[in-house]
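Here's the letter readout for the chains.
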Amino acid sequence: MSDGPGVVMRESGARGWWNLRGDGDEPRFRDGVAAVVGVSPPIEPCTWHAAGDRRAYWLGPDEWLLTAEHGTEFESPLRGALHGRCSIVDVSGAQILVNLSGAQAGEVLRKSSPYDFHPRRFPPGRCVQTNFAKATALVAANADASFDVVFRRSYADYLRGWIADAGREYGFLRGSLGTDHPTRRQRQPAQDDD
Amino acid sequence: MHGFAGDTLASALLANGVSRVATSFKYGRPRGVVGHGAEEPNAIVQLGQGGASVPNLRATQVELYDGLDARPCSRSKAQRLAGTFGRFMPAGFYYKTFMGAPQRWTAGVARPTALWTASEHVLRRATGLGRVPAGNDPDTYDRFNRHCDVLVVGAGPAGLAAALEAARSGARILIADEQAELGGSLLDGSYSLGGEHASKWVADAVAELASSADVDLLPRSTVAGYYDHNFLTIVERRTDHLGLVAANGTRQRLHRVRAGQVVLATGAIERPLVFANNDRPGVMMASSVSSYLNRYAVAVGDELLLFTANDHAYRTALDWQRAGLAVAAVVDCREAPEGGLVDAVRGAGTRVITGHAVTEASGRRRVTGAMIAPLGPGADSLTAAPQHIACDVIACSGGWSPTLHLSSQTGTRPRWHESAVAFLPGDLGKRALCAGAVAGARSLRDCLEQGALAGATAASRAGFGSGRTTFTAPETDEPSQAPSRALFLVPHPKPVSRAPKQFVDFQLDVTAADIELAAREGYTSVEHVKRYTALGFGTDQGKLGNVNGVAILARTLDQDIATTGTTMFRPAYTPVTFGAIAGRDVGEFHDPERHTPMHAWHASHGAMWEDVGRWKRPWYYPRPGETMQDAVNRECLAARDAVAVLDASTLGKTDIQGTDAAEFLDRVYTIGFRKLAVGRCRYGLMLREDGTIFDDGVTARLAENRYLMHTTTGNAEAVFAWLERWHQTEWPELDVYLTSVTDHWATTALVGPESRAVLARVCDDIDLSRDAFRFMDVREGHVAGIAARVFRISFSGELSFEVNVCAQHGRQVWDAIVEAGGEFGITPYGTEAMHVLRAEKGFIIVGQDSDTTTTPHDAGMDWVVRRNKPFGFLGDRSLDVSDHRREDRLQLVGLATTDEDTVLPEGGQLVDKPEAEAPVPMAGHVTSSYHSARLGRSIALAMVKSGTTRLGDTLHCPLADGRTVSAKIVSPVFYDPDGERQNV
Amino acid sequence: MLLIPCPFCREDRSEEEFSCAGEAHIARPEKPAELSDHEWGDYLFMRTNPRGPHRELWVHTAGCRRYFNVLRDTVSYEVLVVYEVGQPPPDPPGGDES
Ligand SMILES: [Zn+2]
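Chains as they are written, first to last, in numbering that gives the first Met the number 0: chain X, 0 to 193; chain S, 0 to 983; chain E, 0 to 97.
One chain only, chain X, in its complex shape:
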């Protein structure tokens, strides 16, 4: 294609990732997380909150995925801040994040997942865990119309190849993101409102 790539995949460098479990209906839990992470865990299903580089993705009614810049220490401070039923697990080694941008980024998603990524159903601030090719992934809609796709490290070679293959017909370019930013140069998709 002469008018530039239709799909650009940029892979994030190392980041910190944590799986958080607890009672989201408890204000003390939400406040405790917000105090340490700087962003509160979303209560609305299939949404994510961001503050700067830190994110909290809804994974389930009592489960969130947190991410922050590489080297951040959340585990001990969160244990200190949260009381009662909760769990915090470092999963930094398990996650790979790629950002898909370009006019046809959505087409790559449609080749990969049965979920409905139409902007009306999947506006910025939404996220979804779903089948992705023959693996699974967390897909998040960004304010700049790009998508973040988070998947397990062991599937990374397969999925990088899959995405490149799916994007080829639209013109595909592969780049990288800085180590600190899952998606650089973008506005915050959803304000922290609780």
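Worth flagging that the hints you see were computed from the coordinates, not collected in a lab. Here the structure is a predicted model, which is why all the values come from computation and not from measurement. Warning: the hint list may mix true and false statements.
[Unchecked claim] Here are a few chain S residues that sit away from chain X, every Cβ distance over 12 Å (derived from the structure):
no.: 1; residue: Thr-139
no.: 2; residue: Thr-353
no.: 3; residue: Ala-378
no.: 4; residue: Gly-428
no.: 5; residue: Thr-523
no.: 6; residue: Gly-564
no.: 7; residue: Asp-584
no.: 8; residue: Lys-615
no.: 9; residue: Asp-659
no.: 10; residue: Arg-681
no.: 11; residue: Asn-704
no.: 12; residue: Asp-734
no.: 13; residue: Ala-756
no.: 14; residue: His-808
no.: 15; residue: Arg-949
[As the list claims (entries may be wrong)] DSS-like mimics (lysine-lysine), calculated; alpha carbons at most 27 Å apart, straight line:
no.: 16; chain 1: S; residue 1: Lys-944; chain 2: S; residue 2: Lys-967
no.: 17; chain 1: S; residue 1: Lys-615; chain 2: X; residue 2: Lys-133
no.: 18; chain 1: E; residue 1: Lys-30; chain 2: S; residue 2: Lys-868
no.: 19; chain 1: S; residue 1: Lys-944; chain 2: S; residue 2: Lys-912
no.: 20; chain 1: S; residue 1: Lys-674; chain 2: E; residue 2: Lys-30
no.: 21; chain 1: S; residue 1: Lys-868; chain 2: S; residue 2: Lys-674
no.: 22; chain 1: S; residue 1: Lys-868; chain 2: S; residue 2: Lys-912
[To be verified] Some but not every residue of chain S turned toward chain E, in silico, with C-beta under 8 Å:
no.: 23; residue: His-228
no.: 24; residue: Phe-230
no.: 25; residue: Gln-558
no.: 26; residue: Thr-562
no.: 27; residue: Ala-720
no.: 28; residue: Arg-724
no.: 29; residue: Glu-732
no.: 30; residue: Leu-733
no.: 31; residue: Asp-875
Glycine included, each C-beta is placed from N, C-alpha and C at the ideal position.
Fit chains S and E with the ligand to the known structure of chain X by using the hints.
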């Protein structure tokens, strides 16, 4: 041959004067093109050669391109055989050949008969229409998931009106049509809309749709399947019209559509009339004759005879006349047809013969004339002898059969409507509507208005618009139409059984006599008759013949058509290529490979791979010149004598936190975890509720309320789902959270007497001494400068440390350990050596040495079962059921072959007396078997009936080559029975 | 291909994201040791397999990983109700409908 842009293969063949396009399947009769679309039964072709070759295409749907290379799918050799044997292949041929003759029905289970066996090879060649392509398909196919508020199937007048109306509501629309151009029947006929040629209206409609936001048009796209909850599959042929192999991009795309609402505007297929020799080339559907004339400028003959039971087909006579061609006559089976079209034909001076039917086509290689005779009142007799009229085309129209295949696929049974003389779709429920000819509409105006209403209704049901239409149908020039006559089998002066063949299903050569025979032989259900005669079994699924077949059966059984009913249709509407079904899930994408962080190291060090679940694990690392056994021997000895290193990252790992974590583990494992000290590990067995072994592994207590569970590689996800299930559904009150950390940790297992020395070189903050870091301890510290969790556990019986670090650093730490081990001769080893080492120790592999019937007792593992826990554990109760206490159950033992160099085959059956008369009682089977380099002999594990009480007995393993290997039953622990080597 | 409303994600999702875990409301006996082999066997193996509305346990495998119950018609495949584990089973909808 030459054609024009826009031609189909069929129109080009007809234009080139090719009247014979196939040889019929059973009788070897010449066949010509009958239709002009998906319904075509005869002109079935195979395109191209080699891997790109595609069989089973309808020439009526193949768009012409330069260099197109096509052959009939029929095959000369098989056809010649079938031709010869034709008269011996009456109805029920398949059935009788497959299942035995009818008089043998009482025999209970039907078996293939000797006749089937003998004729199988002949039939296999004769029945397959087309040839399996040789070689890999060079093309690319893919899948695409789509969602829409309204899916419109078919872009004829009803479909376009529906799409226009729905699109104006703002709903998300997808409209798919199998033809290259949208417009449906409007492309074929000489219709006018709003005073202009209908093509103008089509162009305007398509332009409006194309410019609407959220409307997607899919031409060349066949809706092939309609499944539950409005899930449909659409095959889009993206490059088929350009050539056999796509220059670049995707040849075909399978759209997987989830639609809020579906509007079926699939139209109708004209129904043939059944008369003697109605399969002669030159007998065609009336609408097809018009289509070739109007759309492709092809006159399919010189002199036309139109045989009709309705007004609509009179258009064909008018079209023919308008083209300056001769119409021999219009033969109308109705007594007194009247209406605008009839008047127009009469007004043009054409001879209209009413109350008559064509009883027989004349001519052998193609039609040279028609025999016509007056019909009696019930249409089941002739009132005078037939007379001959010369012609070279007989255009037929028995009426219209709605294309209800998709509605039928959803399980909605079609209903017979006497007034429409057709099956119409049954109740489609709240998620689908039908409109236009498929719903029984006969006029263009009705099609447009029904379409618009369906579009508005569908959009409104999907939450868009009011449901009222704003559509005003353009003026049409249609005269009113008189009712059609129901005529399904034209009588012949001879009885059906002796008249020349009257074909119902052209593709599989099913005749009216076959259906009558089936009924006489006692078949009364339409589904049985279908299977007995093969009616509708072809690749065309009986699109033309089905209704006539049902009607002839009904008449033979002396019942009405509604009672007789129709067969159901299944996906796909037309054949779908395997390529489209497979999509991109081929080659490297066929099955995902999971890689550990050290994968690239293994690859660059020559690892051979073993697939474990989806993981690629190094199997062994052969050096130049080594056999597999050489390499495995070397790797095993390194682990026993010096130091070896294994990538154990694939083991399943679950983090368990909460104040009830210990209680939870107590319930899911046979052993207790409550009293396990922090920093210690314990081996556990997990049972299914039926008491059989589900999984095993080591669990460590990391903190008061935190554990880390290891599971087997292949079972990791099943175990995790199992644990979640018990927590979420049975014990939600337990304060425990489970998190999979399999992918987070990279694990390097350092094994062998020198492992402590190697680890000491890269770890200075853990006291590695024997008493400070005991067997089954876990410690945290740093390895190669990276935060690490180190387990002193062993699956080999040797001193062993498993170093776990965040996967981001897995490769780095592996490299550091390998480098530190250099002076000790550190040797990477794979899963094969791992298996030999554990088998020498008698450690089982769940799923290899155990199966879904093996209890802990069977595996000799009572030592890991605690029967006195307060709650008990999953599977506990089942250990006491009578069957599990039998003493003759299969039990784990070791086998030492008499000949130390012979390795038993895994899976080999064991018997006590190999010379006994068959069936020889089985004593058990071999589950694991290797050559042990350390022991210098063959070792095996086996499950043997009452095995634990039979130590010292000799069993025999008969091999496929006739030899028998004998082996003595021994303890499964072959090496270091007291476990001294791991406690150093 | 069913469309299943996940009660936790609060969206209709495609069947391929889910797994069916068999019949719902098969409660584990509180005191297995007090059951006869026959009674224990009933708990392990006997299921209702009705024609019509059926209470099933499903899990949103590729999504939120939560288990929940589905009342599904085994003839029409309609998903009639979804409800959380621990809630009482709803009555099958009565009367005629199409
Ligand atoms: Zn869910």
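Results for each hint:
The Cβ of S/Thr-139 sits about 9 Å from the closest Cβ of chain X, inside the 12 Å cut-off, so the non-interface label is violated. Even its closest Cβ contact with chain X, about 57 Å, leaves S/Thr-353 beyond 12 Å, as expected for a residue assigned away from the interface. Taking the minimum C-beta to C-beta distance to chain X, about 52 Å, the non-interface status of S/Ala-378 holds against the 12 Å cut. The claim that S/Gly-428 is not at the interface with chain X holds, since no C-beta of that chain comes within 12 Å of its own (minimum 22 Å).
Its beta-carbon lying about 44 Å from the closest one in chain X, S/Thr-523 satisfies the requirement of being farther than 12 Å from that chain. For S/Gly-564, the shortest C-beta to C-beta distance to chain X comes to about 36 Å, beyond the 12 Å cut-off, and the non-interface label holds. For S/Asp-584, the requirement that its beta carbon stay farther than 12 Å from each beta carbon of chain X is not met, with the minimum near 7 Å. Taking the minimum C-beta to C-beta distance to chain X, about 10 Å, the non-interface status of S/Lys-615 is violated against the 12 Å cut.
With a minimum CB-CB distance of about 10 Å to chain X, S/Asp-659 fails to clear the 12 Å threshold, and the non-interface call is violated. Every C-beta of chain X lies more than 12 Å from that of S/Arg-681, the closest at about 21 Å, which supports listing it as non-interface. In this structure S/Asn-704 is not separated from chain X by more than 12 Å, as the shortest Cβ-Cβ distance comes to only about 9 Å. Look at S/Asp-734: its CB is around 5 Å from the nearest CB on chain X, not clear of 12 Å, so calling it non-interface is violated.
With a least CB separation of 28 Å from chain X, S/Ala-756 remains clear of the 12 Å interface cut-off, as annotated. With a least beta-carbon separation of about 8 Å from chain X, S/His-808 fails to lie farther than 12 Å from that chain, contradicting its non-interface assignment. Once the 12 Å rule is applied to beta carbons, S/Arg-949 is consistent with being away from chain X; the minimum gap is 44 Å. As the CA atoms of S/Lys-944 and S/Lys-967 are separated by approximately 14 Å, the hinted pair is consistent with the 27 Å bound.
Taken as a hint, the S/Lys-615 and X/Lys-133 pair is honoured in the structure, with Cα atoms around 16 Å apart against an allowance of 27 Å. The straight-line distance between the Cα atoms of E/Lys-30 and S/Lys-868 is roughly 13 Å, inside the 27 Å bound, and the hint therefore holds. Simply put, S/Lys-944 and S/Lys-912 have alpha-carbon atoms about 14 Å apart, close enough for the 27 Å limit, and the pair holds. For the given pair, S/Lys-674 sits about 24 Å from E/Lys-30 by alpha-carbon distance, which is consistent with the 27 Å threshold.
In summary, the hint linking S/Lys-868 to S/Lys-674 is supported, as the alpha carbons are separated by about 12 Å, within the 27 Å threshold. For the suggested pair S/Lys-868 and S/Lys-912, the alpha carbons sit about 44 Å apart, so the restraint of at most 27 Å is broken. Of the supplied interface hints, the one on S/His-228 holds, with its beta-carbon coming within about 4 Å of a beta-carbon of chain E, less than 8 Å. This hint holds: S/Phe-230 has a C-beta 4 Å from the nearest C-beta of chain E, less than the 8 Å allowed.
Checking S/Gln-558 against chain E by beta carbon gives a least distance of about 26 Å; that is not within 8 Å, so the hint is violated. The interface hint given for S/Thr-562 is broken, as the beta carbon of that residue sits about 22 Å from the closest beta carbon of chain E, more than 8 Å. Nearest Cβ of chain E to the Cβ of S/Ala-720: about 7 Å, under the 8 Å cut. The hint holds. Because the smallest distance between the Cβ of S/Arg-724 and any Cβ of chain E comes to about 6 Å, under 8 Å, the interface hint for this residue holds.
For S/Glu-732, the interface hint is violated, since its Cβ never comes within 8 Å of a Cβ in chain E; the closest pair sits about 10 Å apart. Interface hint status for S/Leu-733: violated, as the beta-carbon distance to the closest one in chain E is roughly 14 Å, over 8 Å. Restraint check, S/Asp-875 versus chain E: the minimum CB separation of about 7 Å is within 8 Å; hint holds.
Hint compliance for this structure: hints 1, 7, 8, 9, 11, 12, 14, 22, 25, 26, 29, 30 are not met, and every other hint is.
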